[in-house]
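**Student:** Build the full structure now, drawing on both the sequences and the hints.
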Amino acid sequence: MSKITKLLALALALTAAATTQAGAQDAKLKACFIYVGPTGDIGWSYAHDQGRKAAEKALPWLETQYVESVPEGQALPVIDRLAKNGCQVIFTTSFGYMDDTLAAAKKYPNIIFAHNAGFKRNANMATYMADFYQVYYLNGLAAGALSKSGKVGFVGTYPIPELKRHLSAFALGVKAANPKASVNVKWINSWFDPAKTREASEALLSEGADVLTSAEDSATGVQTAGAKNIPTFSHYNPMLKFSPSNVVSGHIVHWDKIYIDFLTKVHNGTYTTKNLANVDYWWLLSKGAVEMGADMNMPFTVKFAAQLKAAKMMVGGKSVSVYDRITALNAQMKKGESFDPFTGPVKDRNGVLRVPAGKTMSIGDLNNMSWVAPGVVGQVADEPKK
Amino acid sequence: MDELLNALLRALAFGTPLLLASLGAVINERAGVVNLGVEGMMALGALAGFAVAYGDGSPGSGSIALGIVAAMAAGGLAALLHAFITITLRANQFVSGLSLTLLGLGVAGLLGKKYEGFPLFGQPNQWPFTIGAIVLALLLAFWLTSTRAGLTLRSVGENPAAADVLGLNVNLIRYGAVAFGGALAGLAGAYLSLVYRPSWTDGMTAGLGWIAVALVIFVGWNPLRAIFGSVFFGLLYYLQFRLQGKTFIPTEFFAAMPYLLVIVVLAFAGLRGQQGAAPEALGRPYTRGER
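Chains G and U, in that order, are what the protein sequence lines are.
Just so we're aligned: 189 in our numbering is position 189 of the first sequence, and the numbers increase by one with no gaps anywhere.
Just so we're aligned: 185 in our numbering is position 185 of the second sequence, and the numbers increase by one with no gaps anywhere.
Among these hints, one or two may not hold up.
Stated by the list, open to error - A short, non-exhaustive set of chain U residues, derived as facing chain G with CB atoms under 10 Å:
hint	residue
1	Asp2
2	Glu3
3	Leu9
4	Lys113
5	Pro119
6	Leu192
7	Tyr196
8	Pro198
9	Trp200
10	Gly203
11	Phe241
12	Gly245
13	Thr251
Unchecked claim - Residues from chain U that keep clear of chain G, each with C-beta distances beyond 12 Å, as calculated:
hint	residue
14	Pro59
15	Pro285
16	Arg288
Claimed, not checked - Only pairs whose alpha carbons sit at most 20 Å apart, straight line, appear in this in silico EDC-like list of lysine to aspartate or glutamate:
hint	chain 1	residue 1	chain 2	residue 2
17	G	Lys106	G	Asp80
18	G	Lys309	G	Asp324
19	G	Lys241	G	Asp295
20	G	Lys312	G	Asp324
21	G	Lys347	G	Asp382
22	U	Lys113	G	Glu68
23	U	Lys114	U	Asp56
24	G	Lys303	G	Asp324
25	G	Lys84	G	Glu68
26	U	Lys246	G	Glu207
27	U	Lys114	G	Glu68
28	G	Lys287	G	Asp340
29	G	Lys287	G	Asp261
30	G	Lys312	G	Asp210
31	G	Lys347	G	Glu383
32	G	Lys241	U	Asp56
33	G	Lys120	G	Asp365
34	G	Lys303	G	Asp210
35	U	Lys246	G	Glu383
36	G	Lys151	G	Glu207
37	G	Lys53	U	Glu116
38	U	Lys113	U	Asp56
39	G	Lys151	G	Asp210
40	G	Lys359	G	Glu337
Hints were generated in silico from the structure; no laboratory data involved.
All C-beta atoms in this analysis are idealised placements derived from N, C-alpha and C, irrespective of residue type, glycine included.
**Tutor:** Put into structure tokens, the structure is as follows:
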């Protein structure tokens, strides 16, 4: 027997063993996750993986598997592999997996799919998002109050609706606290790229930004702000330890809330491969899926809380401290009360009215948002002229 | 003026790992061995450097100096694997180098799991690295052109058969050059994980190794020109963000420029009917008695 035949035989034996093992665990529900970045990015993919681990801990009947660093547009072969491995629920956790996930949902009608951050659904494909736009508004208030130069730097990833929504909410907050301030944006066209984030941050600083936030999936933005000793924000996860004296607050996600809810409903038969066409999780502060904070349960760091208490802003003709304003709005939105950052009238930065007076934006509008709010300075792709 | 100075400082900060890695690659290519594994060796160096400098996270448990040594050792050892495959086993250098990139990225990602998510405090200053890299470039330029050892190295890359006839150990010299190239790629990795962005994350090299590979061709295998080339590439990298939305030129163009320039350089060399300044025996394994 040649070496190659031996190897083949060995591989076959191993596959058989693996299949038997999977068969023995049929009683469990198998959920699989596809991540766009490495689980150690300390940003987006790390947060999803924390959610996966929490769900596995909370749900004794759950077993999970994950594949990390899968480029967008290359999800289909990975899904094929997961389908062969007996995955019953597959979470695809990046916007760019949308079309691949839909194609896979049609190819595997007996598997439940859930796509993160997109808007296409199917009988066996739901969508879910824990969105930050409310939290970005609150952090924008803090950033505006803390900027002395009136320039706040924002490192953007891709100019897609999700980012435009966050950038705009942030800019509205900045301008509410500091009407003369602006938000300078630089795009890196990548979800994860520490070197690009570093140089984009440096470019923003050289243009005069003295507060910095980065939407990239690593702690590079926070570290760069730390090296220059300027205020910055945690993104997706607590990044306080990367720059303890510079993190003001931040946007922190709790994907586990959605994963546990969704998987429990799959397990008890509420969700099947037939009834997901209208299942769209859009979970905000009120569901506890997102949180404003430098660290878990820490809305502000002590140093910046003091500075924000001293900073004043005008609300309805009265002067209130920025700290009180943020705390009050955070509490309102957590309770699900009426405040929304995109309450009209809201114009875009070219002066076109986008949200009429007294109205708010629907989930569909938020997911298709292509304009950006006043106060945003810098090139923004695919911006409507009218 | 401030703007110019700042742009230059950014160019040097980003150019330092490019210069270190490309100097290493200049040496192994001058000896006739292409190593496309720079990205992988850089990743291994970044991880080894961070792991040793970080220790167990408590102050004093790690050592920056030992971290730098570990990074160079990791890069050098990975390069020796490439040397064994391409020099001793005479496998295709391009295929082996590409594999080394994938292997290095994969192994570093796997072994680095437990170091992710921790910042390194007390990180070293950038300037010893930057100035050290420039001094090294000057020394190597002198060494290559004006010393007997430098001539020996070049002869092995230009005409290994002739070098062999002269009694030089072609394979041994090539082994040494490849290991040196790997050590410098490892050092470039340490710069990334200790200085430029003091932490470890899987994939943090993000293509810098490939820019270094392109740089070697752009500067015509010349260590002196590598100084200017790396600063120039660093400047382009910074300007793609600094000039975003401020010029009529799409800034993606700046990001693509290093690669475009390499093609232009190669095309010009081709027009003049030569392969540029490339060493004559570059990419060809040496077998005694073969022509």
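**Student:** Please go over all the hints and tell whether each is borne out by the structure.
**Tutor:** Evaluated hints:
1. At a threshold of 10 Å, the smallest CB-CB gap from U/Asp2 to chain G is about 8 Å, leaving the interface hint in force.
2. Because the beta carbon of U/Glu3 sits about 7 Å from the nearest beta carbon in chain G, less than 10 Å, this interface hint is met.
3. The beta carbon of U/Leu9 is positioned within 10 Å of a beta carbon in chain G (closest approach about 9 Å), and the interface hint is therefore held.
4. The restraint placing U/Lys113 at the interface with chain G holds, with a minimum CB-CB distance near 6 Å, inside the 10 Å limit.
5. Of the supplied interface hints, the one on U/Pro119 holds, with its beta-carbon coming within about 5 Å of a beta-carbon of chain G, less than 10 Å.
6. The closest approach between the C-beta of U/Leu192 and any C-beta of chain G is roughly 8 Å, which is under the 10 Å cut-off, so the hint is satisfied.
7. For U/Tyr196, the shortest C-beta to C-beta distance to chain G is roughly 7 Å, which falls under 10 Å, so the interface hint holds.
8. Taken as an interface hint, U/Pro198 checks out: its beta carbon lies about 7 Å from the nearest beta carbon of chain G, inside 10 Å.
9. Interface hint status for U/Trp200: upheld, as the beta-carbon distance to the closest one in chain G is roughly 8 Å, under 10 Å.
10. For the restraint placing U/Gly203 at the interface with chain G, the shortest Cβ-Cβ distance is roughly 6 Å, inside the 10 Å limit, so the hint holds.
11. Annotation: U/Phe241 was flagged as interfacial toward chain G, and the flag holds, the nearest CB pair being 4 Å apart, inside 10 Å.
12. Interface restraint check for U/Gly245: the shortest CB-CB distance to chain G comes to about 3 Å, inside 10 Å, so the restraint holds.
13. For U/Thr251, the interface hint holds, the least distance from its beta-carbon to any beta-carbon of chain G being 8 Å, beneath 10 Å.
14. For U/Pro59, the shortest C-beta to C-beta distance to chain G comes to about 14 Å, beyond the 12 Å cut-off, and the non-interface label holds.
15. Against chain G, the non-interface label of U/Pro285 holds: every CB pair exceeds 12 Å, the least being about 24 Å.
16. Even its closest Cβ contact with chain G, about 30 Å, leaves U/Arg288 beyond 12 Å, as expected for a residue assigned away from the interface.
17. A C-alpha spacing of about 12 Å is found between G/Lys106 and G/Asp80, which places the hinted pair at or below 20 Å, so the restraint holds.
18. As the CA atoms of G/Lys309 and G/Asp324 are separated by approximately 7 Å, the hinted pair is consistent with the 20 Å bound.
19. Our distance criterion of 20 Å between C-alpha atoms is met by G/Lys241 and G/Asp295, whose separation comes to about 9 Å.
20. Only pairs whose Cα atoms come within 20 Å are accepted, and G/Lys312 paired with G/Asp324 is accepted, the gap being roughly 9 Å.
21. A distance of roughly 17 Å separates the Cα atoms of G/Lys347 and G/Asp382; the hinted pair therefore holds under the 20 Å criterion.
22. Taking the CA atoms of U/Lys113 and G/Glu68, the gap is about 12 Å. The hint holds against a cut of 20 Å.
23. A distance of roughly 10 Å separates the Cα atoms of U/Lys114 and U/Asp56; the hinted pair therefore holds under the 20 Å criterion.
24. Pair hint G/Lys303 plus G/Asp324 holds up; C-alpha atoms about 15 Å apart against a cutoff of 20 Å.
25. Between G/Lys84 and G/Glu68 the CA atoms are separated by roughly 18 Å; this keeps the pair inside 20 Å, and the hint holds.
26. Only pairs whose Cα atoms come within 20 Å are accepted, and U/Lys246 paired with G/Glu207 is accepted, the gap being roughly 12 Å.
27. Straight-line distance between C-alpha atoms of U/Lys114 and G/Glu68 comes to about 16 Å, which keeps the hinted pair within the 20 Å bound.
28. Distance hint between G/Lys287 and G/Asp340 is fulfilled; the C-alpha atoms sit about 15 Å from each other, no more than 20 Å.
29. The suggested pairing of G/Lys287 with G/Asp261 holds, with an alpha-carbon distance near 11 Å, which does not exceed 20 Å.
30. Between G/Lys312 and G/Asp210, the direct Cα distance comes to roughly 19 Å. Compliance with the 20 Å bound is thereby established for this hinted pair.
31. Straight-line distance between C-alpha atoms of G/Lys347 and G/Glu383 comes to about 13 Å, which keeps the hinted pair within the 20 Å bound.
32. A C-alpha spacing of about 16 Å is found between G/Lys241 and U/Asp56, which places the hinted pair at or below 20 Å, so the restraint holds.
33. Under the criterion of a C-alpha separation no larger than 20 Å, the hint pairing G/Lys120 with G/Asp365 is consistent with the structure, at around 14 Å.
34. Distance restraint check for G/Lys303 and G/Asp210: the Cα-Cα separation of roughly 17 Å lies within the 20 Å cut-off, and the hinted pair is therefore satisfied.
35. Taken as a hint, the U/Lys246 and G/Glu383 pair is honoured in the structure, with Cα atoms around 16 Å apart against an allowance of 20 Å.
36. Restraint check: the Cα-Cα separation between G/Lys151 and G/Glu207 comes to about 8 Å, which is no more than 20 Å; the hinted pair holds.
37. For the hint linking G/Lys53 to U/Glu116, the alpha-carbon distance of about 17 Å falls within 20 Å, and the restraint holds.
38. Using a Cα cut-off of 20 Å, the hinted pair U/Lys113 and U/Asp56 holds, with the two alpha carbons roughly 14 Å apart.
39. Proximity of G/Lys151 to G/Asp210 is assessed by CA-CA distance (about 6 Å); at most 20 Å being required, the pair is judged to hold.
40. Between G/Lys359 and G/Glu337, the direct Cα distance comes to roughly 15 Å. Compliance with the 20 Å bound is thereby established for this hinted pair.
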